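Chain by chain, the residues run as shown.
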Amino acid sequence: MKRFRCAEVVELVTVYLEDALDEPARLGMEQHLACCGECGHRLDQFRAVIGVLGALPSEEDLRGDVRDRLLSAFRDRHRRGA
Amino acid sequence: MALAGGTLPPDDVVVAALRTGDEAAFAALLDAWSRGMLRLARAYVSTDDSAQEVVQDAWLAVVEGIDGFEGRSSLKTWVHRILVNTAKKRGVRENRAIPWSSAFERQGGPSDGSSRFSGEDGVPPGPWKDFSVLWPTPEDEALASEVRGQIAAALAGLPDRQRIVITLRDVEGCTSEEVCEILDISAANQRVLLHRARTWVRARIEAYFETVGRPA
Ligand SMILES: [Zn+2]
Numbered sequence: 001m002k003r004f005r006c007a008e009v010v011e012l013v014t015v016y017l018e019d020a021l022d023e024p025a026r027l028g029m030e031q032h033l034a035c036c037g038e039c040g041h042r043l044d045q046f047r048a049v050i051g052v053l054g055a056l057p058s059e060e061d062l063r064g065d066v067r068d069r070l071l072s073a074f075r076d077r078h079r080r081g082a
Numbered sequence: 001m002a003l004a005g006g007t008l009p010p011d012d013v014v015v016a017a018l019r020t021g022d023e024a025a026f027a028a029l030l031d032a033w034s035r036g037m038l039r040l041a042r043a044y045v046s047t048d049d050s051a052q053e054v055v056q057d058a059w060l061a062v063v064e065g066i067d068g069f070e071g072r073s074s075l076k077t078w079v080h081r082i083l084v085n086t087a088k089k090r091g092v093r094e095n096r097a098i099p100w101s102s103a104f105e106r107q108g109g110p111s112d113g114s115s116r117f118s119g120e121d122g123v124p125p126g127p128w129k130d131f132s133v134l135w136p137t138p139e140d141e142a143l144a145s146e147v148r149g150q151i152a153a154a155l156a157g158l159p160d161r162q163r164i165v166i167t168l169r170d171v172e173g174c175t176s177e178e179v180c181e182i183l184d185i186s187a188a189n190q191r192v193l194l195h196r197a198r199t200w201v202r203a204r205i206e207a208y209f210e211t212v213g214r215p216a
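Quick mapping for you: the protein sequence lines, in order, are chains A and B. Per UniProt numbering, the very first residue in the first sequence carries number 1; after that it's consecutive. Per UniProt numbering, the very first residue in the second sequence carries number 1; after that it's consecutive.
One chain only, chain A, in its complex shape (with noise of 0.2 Å):
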C-alpha cells in the first residue's frame, strides 16, 4: 500500500472521486483521508461543490421560435420521407 503526503492527496481526489485509482493507491488514500481531517474536509468541499453544480438552473431556454422551426423541420423532413 502506497503512502500518500497531503499534497499528493489534494491533487488525487478527483481521480479518487471517479474510482479510477488502482487497489494500492486507493487503500493508501482511504488510510490518509482516515487519519488527517484537512484532506477530509477538503473531499468534503469537492462533494459539497459538486453537489452544488448538479443543483444549478438553467439560465436559458430554447426559443419559442427556434422551437417552432425545428418542430417544422421535422414534420416535413417526414413529410418528403414519406
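What the hints contain is simulated information worked out from the structure, not anything from laboratory work. Just so you know, these numbers come straight off a predicted model, no measurement behind them. There may be inaccurate statements among the hints.
If you want a taste of the chain B side facing chain A, the calculated C-beta under 10 Å gives, among others [as the list claims (entries may be wrong)]: (1) E23; (2) R35; (3) L183.
These stretches of chain A come out as covered by chain B in the derived footprint (C-beta under 8 Å, 3 or more residues) [said to hold, decoys possible]: (4) 1-14; (5) 26-32; (6) 47-54; (7) 66-73.
Quick reminder that beta carbons are idealized off the backbone N, C-alpha and C, glycines included.
Position chain B with the ligand against the provided structure of chain A, taking the given hints into account.
Frame of chain A, contents of chain B with the ligand only:
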C-alpha cells in the same frame, strides 16, 4: 413515447420514434436536452443568440442524419458530438479563440494546495469550513442564491476547456465516458481538466466564505 417525468425511453425506442416522424418524441428530446446544449454551445460562441443558432443547426443536422445513426455511441453522445462540431465551426467563423488559460488561472487559483482551510487545532471546522452548509442543498434561500452567483462567476472565470468539461460532468451530469466521446479527449485529460476546474470552483467558494465570515 413518454413525455412526462423527464426520463426518456431507451435509445432504440427514441430512435425508432424519430425515424417514423413521431413529433411528440422529437419535442420531448428537444425539451430534455436543449438547455444543456445551449450551455455547452455558449462556451464556443460569443453571444446567446449565436448559441441558439448553433443548437438549432445541430438539431437540424440530427433530423437530417437520424437515419444514419448506427448506435455505436449513445444517442445523447451522438447529438452532443454534432453540437460540438457545429459550435466549433461557428466559433471559428466568429474568430473566437479557444484559450488554454485565462487571467484567472495565472493568478494562481487552480491546484492551489494550501491548507488555509484547516480549523484551529482540535476545533472541528464549522459548516462554513467544510461546506456542509451547502450539502445536500443550502436551506437558506439567500445563501443558496449567493452561492449560485459565486459559482456562476467561478465557472465564467475558467479557461474554456475546463469550463466545458465541468459543465458537462457536474452541471449536466454526463458520465466521464460520455464527455470523452463528445469532446474526443482521453480519460486522463478529462480528469485533469475536471480536477482543475473543481479545484478552482472550490477555492472560489472558500474565498467567498472567508470574506463573509462565519455568521453569528
Ligand atoms: Zn492530508
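Against the structure, the hints:
Annotation: E23 of chain B was flagged as interfacial toward chain A, and the flag holds, the nearest CB pair being 6 Å apart, inside 10 Å. Hint status for R35 of chain B: holds, given a least beta-carbon distance of 4 Å to chain A, under 10 Å. Interface restraint check for L183 of chain B: the shortest CB-CB distance to chain A comes to about 16 Å, outside 10 Å, so the restraint is violated. Counting residues of the segment 1-14 of chain A whose CB falls under 8 Å from any CB of chain B gives 6; the rule of at least 3 is met.
By the rule of at least three residues with a Cβ nearer than 8 Å to a Cβ of chain B, the coverage given for the segment 26-32 of chain A is violated, with 0 such residues. Restraint check on the segment 47-54 of chain A versus chain B: 8 residues with Cβ-Cβ distances below 8 Å, three needed, restraint holds. Check result for the segment 66-73 of chain A against chain B: holds, 6 residues qualifying (beta carbon to beta carbon below 8 Å, three or more required).
Of the hints listed earlier, those the structure fails to meet are numbers 3, 5, in rising order.
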